[in-house]
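Novice: Given the coordinates of chain A, assemble chain B onto it according to the supplied hints.
There are 2 protein chains.
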Amino acid sequence: MAFQVSSELIKKVTLLINTKDDNALTTVLAEVHFADLAEILEELQLTEATYLVRLLDSQKTSEALMELEEDFREDILEKLSAKEIAEELEEMDTDDAADVIAELPEERVENVISNIEDEQHAEYIVELLSYADNTAGALMAKELVKVKENWTVAGCVREMRQQAKNVTRVHSIYVVDMDGKLKGRLSLKDLLTAEAKSYIKDIYIPKVDYVTVDTEDEEVARIMQKYDLEAIPVVDMTNILVGRVTIDDIVDFIKDEAEKDYQLAAGISQDVEADDSILEHTRARLPWLILGLFGGLGSVFILEGFEEVMLNEKYRNLFFYTPLIAAMAGNVGVQSSAIIVQGLANHSVKGSLTKRLLKEIGLGLINGLALAILIIIFGTIMQYELAFSLTIATALMAVIIVAALIGTFVPIILDRRGIDPAIATGPFITTSNDIFGIFLFFYLAKLILGF
Amino acid sequence: MAFQVSSELIKKVTLLINTKDDNALTTVLAEVHFADLAEILEELQLTEATYLVRLLDSQKTSEALMELEEDFREDILEKLSAKEIAEELEEMDTDDAADVIAELPEERVENVISNIEDEQHAEYIVELLSYADNTAGALMAKELVKVKENWTVAGCVREMRQQAKNVTRVHSIYVVDMDGKLKGRLSLKDLLTAEAKSYIKDIYIPKVDYVTVDTEDEEVARIMQKYDLEAIPVVDMTNILVGRVTIDDIVDFIKDEAEKDYQLAAGISQDVEADDSILEHTRARLPWLILGLFGGLGSVFILEGFEEVMLNEKYRNLFFYTPLIAAMAGNVGVQSSAIIVQGLANHSVKGSLTKRLLKEIGLGLINGLALAILIIIFGTIMQYELAFSLTIATALMAVIIVAALIGTFVPIILDRRGIDPAIATGPFITTSNDIFGIFLFFYLAKLILGF
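Note that the protein sequences, when read in sequence, are chains A and B.
Residue 11 is where the first sequence starts when you use my numbering, and the numbers rise one by one after that.
Residue 11 is where the second sequence starts when you use my numbering, and the numbers rise one by one after that.
Looking at chain A on its own, in the form it has when it is part of the complex (with noise of 0.2 angstroms):
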């Protein structure tokens, strides 16, 4: 089973566009489906993507639509009128249509409501729209299954068959009491076991886990990670139900969340891709290379400080190590915190915090005793006096072990203190442990060979 798109059918369909053969368009692409037609639009020229986009059946392009880059999406949109968007929006679920009409310019987005056919759906989105961000809200979906505890199987069984309709993906079925507040849910395989005649509040399970449409969206997945949900109610102040999360947004989420912590870690503050604007760029990247800068500084006033060594020829040599030994601190320090983050990330930094000392120390012991030793064996061959590699070993070591535990404690201490502790994997750590390695070098150097 090939799950490529070929060049040959990306060519084919762009002939076919520009030959306006809307025929051989519908049927060559009829059989895609709408994440390959998704990977078809991106392919293309905008205005031979909208072409297809207006061209094709809304049930298979609103699909699509979500699979495409936002920018890309935005794009397209605007080239639409508020009619076709309408359309769009009408064949999504309505935490996408949310989702696409939250991008849309202000001054669109009465015209496009206004243009959406169905009511119901309208009044949904407009519903999702007013929940804050990041919250169950603004992630849940409308679309679910809900059955009444007073109706019997076979009842339940003719309302669903409705209600299925405009439900992809069933998941749970959610049991509410007259008010329309939470019970209970029942399975599909539950109510596929049961007798016709028996009554769902004699069925149903009463035990559901739930979040309220203002717990945030971080909470939401890893309770639903935690507890292996593909899908979980949502309710109001009253407890009553008014929509669901479901494990898709939640993939989504938890590679979102993947990427912020990478990106925080190469020093990247905000959401940005490869193809966003210089500005945007600018803006997430050039505050943390200002921090770098002043820490670069600092380092300038540290070696500014012994200045008077570069006219002892026996141990200017010693100015030559520090960029060796600020990449060692910085190295070593991103190692040690990307760990604890991790871990802290994972609830798996257990023990005290005594024992994560001793261990650090041990582990700096091992990596830097092996390090010193490269350094010996390249003094020699270099033909260093042993004293002078002595100390650059020494002082590599001792840097090494201090670096190990900054970038232990430092994501530690920030996690306590409730900041995000993935701020300090990357330029803070790397920052910081510059000018404490390059201090802690040269004054070493000064102790041991008292210059």
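One thing to keep in mind: the hints can contain errors.
All copies of an identical chain are treated as equivalent in the list; a pair is satisfied when it fits inside any one copy or across any two copies.
The list that follows gives simulated cross-link-like pairs (lysine-lysine, BS3-like), each with its CA atoms no further than 27 angstroms apart [as the list claims (entries may be wrong)]: (1) Lys236 to Lys207; (2) Lys21 to Lys207; (3) Lys456 to Lys193; (4) Lys211 to Lys270; (5) Lys191 to Lys369; (6) Lys324 to Lys158; (7) Lys365 to Lys21; (8) Lys22 to Lys70; (9) Lys270 to Lys369; (10) Lys456 to Lys324; (11) Lys199 to Lys365; (12) Lys199 to Lys217; (13) Lys199 to Lys211; (14) Lys236 to Lys265; (15) Lys236 to Lys70; (16) Lys265 to Lys93; (17) Lys199 to Lys158; (18) Lys158 to Lys193; (19) Lys30 to Lys456; (20) Lys199 to Lys93; (21) Lys93 to Lys207; (22) Lys70 to Lys199; (23) Lys236 to Lys270.
Bear in mind the hints are in silico, worked out from the structure with no lab data behind them.
Specialist: Just chain B, lined up with the frame of chain A:
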């Protein structure tokens, strides 16, 4: 709804274990979710946790065991007899059971498997163990619901009640022919809304995405994400349906991949966790540190080439700037490479290389200019000669642009050669940029200042 295990509960459980009050323990923990039980186990001492696993119903403890950190689970299993482990495995889905067996010491495997009472279950586990790591075969579970195309809906529902007992979540019902070859699928929704007398072959959806047992797990994850699948059937070489992979396995897979990339960016080359042994950490970290050391020694050679500058009272300050230059080159390189690595992973790096080149140069110019201005302001405050400040500022700009270009193109080149570009973020880029940056800095300074 509180999704937290309180420390009171843990204290209470510990007390009840130590007083061996089994009745009270089972009562207290009767309503606890398996994911919460896992959290409780992780807070206990090994002997206490083992006591609980032995005491409680395997149906709950088997699921809790799957949620534990691998090391802790191994420790508990080591204390259990082959028969006790077999009881836990009996309650697990086949894919989880196979994973657990793969963690056991080789000499115990046979004994444990022969203690599994359900022969079919044992056979399935042995089959799963036979597939190569990192393939769909190793990822899939044998639990699924399948129906034959010549059955009626009514017959199908009867048969399914039987099959569904062993399947936690039905997702899709797979339709096979008389030989067990995959023909298509049905959703529970379809079954629920079909006439009891109609034949499966008249109502099933013949279009079904599938993978084969030897499809790579990364590819399975890609397909399931791309096509928004919650489960995908797995067939053998002769198209016979042999298992299915579900979305929860993919969620774990995505998280693991993200963690691996994050660690690689931090210079950690194996999957290690905070609580792994010092030896494992050394093996994961030391190679990158040695790379950094060699890079640092490279800088030593470069700086030695400019040793005579130290005798020049006016310009020897340049040496104080080496850590700053190295740090900026490293930071910029990591930023650029992180963006490209993510873009490559998401297939969102499009367009021509020339355009990207111009963009990185533009970005480097803006960031470089901002930092150059800061350097000049700093120089004015420090009452440096303007020529000296301008030299540092110019060299810094050049270094930033070159570092951005290296950070951008190294991952692209690696990717085109089929090497994981993630390796380029982190120590690899930092080290090479350190060397390039320092060389460029001194070389330009020499050109401009003419020493």
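Novice: Hints first: check each against the structure and report whether it holds.
Specialist: Here's how the hints hold up against the structure:
With identical chains, the CA atoms of Lys236 and Lys207 are never at most 27 angstroms apart, being 36 angstroms at best within one copy and 42 angstroms at best between copies. Proximity of Lys21 to Lys207 under the C-alpha cut-off of 27 angstroms is found in neither arrangement, the shortest distances being 58 angstroms within a copy and 47 angstroms between copies. With identical chains, the CA atoms of Lys456 and Lys193 are never at most 27 angstroms apart, being 74 angstroms at best within one copy and 78 angstroms at best between copies. In the homo-oligomer, the alpha carbons of Lys211 and Lys270 never lie at most 27 angstroms apart, since the shortest distance is 45 angstroms inside one protomer and 47 angstroms across protomers.
Taking the closest pair of Cα atoms, Lys191 and Lys369 never come within 27 angstroms of each other, the shortest separation being 53 angstroms inside a single copy and 55 angstroms across copies. For the identical chains of this complex, Lys324 and Lys158 are neighbours neither inside a copy (88 angstroms) nor across copies (86 angstroms), given an alpha-carbon limit of 27 angstroms. For the homomeric pair Lys365 and Lys21, the shortest alpha-carbon distance between copies (23 angstroms) is at most 27 angstroms, but the shortest distance inside one copy (62 angstroms) is not. Taking the shortest Cα distances, Lys22 and Lys70 sit within 27 angstroms of each other inside one copy (19 angstroms), while across copies they are farther apart (56 angstroms).
Taking the closest pair of Cα atoms, Lys270 and Lys369 come within 27 angstroms of each other only across two copies (22 angstroms); inside a single copy the shortest separation is 29 angstroms, beyond that limit. Taking CA atoms no more than 27 angstroms apart as the test, Lys456 paired with Lys324 passes in both settings, with 13 angstroms inside one copy and 24 angstroms between copies. In the homo-oligomer, the alpha carbons of Lys199 and Lys365 never lie at most 27 angstroms apart, since the shortest distance is 50 angstroms inside one protomer and 55 angstroms across protomers. For the homomeric pair Lys199 and Lys217, the shortest alpha-carbon distances inside one copy (17 angstroms) and between copies (23 angstroms) are both at most 27 angstroms.
With identical chains, the CA atoms of Lys199 and Lys211 are at most 27 angstroms apart both within one copy (16 angstroms) and between copies (21 angstroms). In this homomeric assembly, Lys236 and Lys265 come within 27 angstroms of each other (Cα to Cα) both inside a single copy, at 16 angstroms, and across copies, at 13 angstroms. When the C-alpha separation of Lys236 and Lys70 is checked against a cutoff of 27 angstroms, the pair qualifies only between copies, where the shortest distance is 15 angstroms, while the shortest distance within a copy is 34 angstroms. For a Cα distance limit of 27 angstroms, the shortest separation of Lys265 from Lys93 qualifies neither inside one copy, at 33 angstroms, nor across copies, at 40 angstroms.
For the identical chains of this complex, Lys199 and Lys158 are neighbours both inside a copy (18 angstroms) and across copies (19 angstroms), given an alpha-carbon limit of 27 angstroms. For a Cα distance limit of 27 angstroms, the shortest separation of Lys158 from Lys193 inside one copy, 9 angstroms, qualifies, whereas the shortest one across copies, 37 angstroms, does not. For the homomeric pair Lys30 and Lys456, neither the shortest alpha-carbon distance inside one copy (79 angstroms) nor that between copies (62 angstroms) is at most 27 angstroms. In this homomeric assembly, Lys199 and Lys93 never come within 27 angstroms of each other (Cα to Cα): the closest approach is 41 angstroms inside a single copy and 32 angstroms across copies.
For the identical chains of this complex, Lys93 and Lys207 are neighbours neither inside a copy (46 angstroms) nor across copies (43 angstroms), given an alpha-carbon limit of 27 angstroms. For a Cα distance limit of 27 angstroms, the shortest separation of Lys70 from Lys199 across copies, 21 angstroms, qualifies, whereas the shortest one inside one copy, 29 angstroms, does not. Taking identical chains as interchangeable, the C-alpha atoms of Lys236 and Lys270 lie at most 27 angstroms apart whether they share a chain (21 angstroms) or sit on different chains (21 angstroms).
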